[in-house]
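Q: Sequence:
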Amino acid sequence: MNAVCFDIGGTAIKYALVSQNKGIAHQGKITTPYDLTTFQKVIAEVVEEYAATDEITAVGISMPGYINPQTGYAERAGALAYLDHKNIIDVLSEKISFPIYIENDARCAALAERYSGNAQGLDNFIVMTIGTGIGTAFYLNGSLYRGASFKAGEFGHSRIDYQKRPQHTMHDIFSTRILVEEYKKHMKIPAPAVVTGEEVFETAKLDPEVEEMIQGWVQWVCVGIYNLACTFNPEKILIGGGVSANPELLPRIERQLSQVDERWITDFYTVIEPCKYLNNAGILGAFYFVEQQLEKQTVKGES
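In the numbering used here, the protein residues as written are 1 to 303.
Warning: the hint list may mix true and false statements.
Here are the simulated PhoX-like cross-link-like pairs (lysine-lysine), alpha carbons at most 20 Å apart as the crow flies [said to hold, decoys possible]:
hint, residue 1, residue 2
1, 22, 276
2, 236, 276
3, 151, 86
4, 164, 151
5, 41, 164
6, 22, 95
7, 22, 41
8, 188, 205
9, 188, 151
10, 296, 276
Bear in mind the hints are in silico, worked out from the structure with no lab data behind them.
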């Protein structure tokens with residue numbers, strides 16, 4: 001089975017031809033369009049290109065937002081506002097003849113980890129991604145938990161500093177974006193300049209003020225992790241996002257978690273690991289979601 005899979009983000013769309021036997025056979029990236037017509041066009045062109053040389057079974061899509069995977073309807077579509085309140089499967093089916101399956105990007109990352117990543121064999125785990133915002137996906141009792149209206153996992157909208165910053169969400173307190181913004185102000189770097197989390201961690205080795213900044217940031221990350229652990233009692237919490245590849249992050253988190261609450265050790269300790277998949281998590285998760293749906297259809301057809 002071959003599927004053309006897409007990981008749709010606010011600035012770029014990653015895509016790949018994925019097969020059961022070979023995994024990711026070929027991949028590429030295009031700029032995310034700013035209008036619906038162009039979006040339809042570029043997605044269809046990628047599918048047509050692969051279909052010209054390979055036998056395609058289906059199209060899988062990973063994207064942000066409140067996505068109903070059963071119908072394809074997106075109440076919200078992240079930064080792609082032109083897809084809000086639209087059925088994305090219907091929109092793309094105007095240009096694509098193959099079956100289309102779509103799921104939220106954080107939940108796709110969880111599927112990738114469950115099928116072939118660092119959550120293999122687990123029935124209860126959480127993926128928390130730290131990037132431009134805070135994303136989470138819950139894999140509970142052997143399946144993805146989506147919530148009553150497909151909004152489960154919007155943990156980044158939680159308030160954790162209500163007395164001092166009542167309107168600030170987790171996105172506004174401990175996303176990597178916030179750490180980088182604070183670093184730029186401290187270093188007097190112009191706002192448009194590109195700075196990575198890796199640069200911040202490297203500078204901290206020589207600058208005590210930046211080190212203090214990171215410690216404060218990690219403390220808030222630990223608050224988020226602690227809240228997840230005592231709420232869901234998972235077997236693991238997997239940390240994703242570009243910053244998770246930094247070898248310093250997990251040791252810092254482990255050191256500081258007990259400072260959030262001493263019951264971390266006695267009552268709520270949870271294994272914390274980085275996600276196995278970073279850039280390919282959405283694509284692989286979309287493929288595994290396609291596999292799931294095709295298997296369900298096969299079983300239903302047999303019964």
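Q: Confirm or reject each hint.
A: Hint by hint, here is what the structure shows:
1. 22 to 276: holds, 18 Å
2. 236 to 276: holds, 13 Å
3. 151 to 86: Within the cut-off at roughly 16 Å; holds.
4. 164 to 151: violated, 27 Å
5. 41 to 164: Violated, at roughly 47 Å.
6. 22 to 95: Roughly 27 Å separates the two Cα atoms, so the pair is violated.
7. 22 to 41: violated, 28 Å
8. 188 to 205: With a Cα-Cα distance of about 18 Å, the restraint between residue 188 and residue 205 holds, given a limit of 20 Å.
9. 188 to 151: violated, 38 Å
10. 296 to 276: violated, 27 Å
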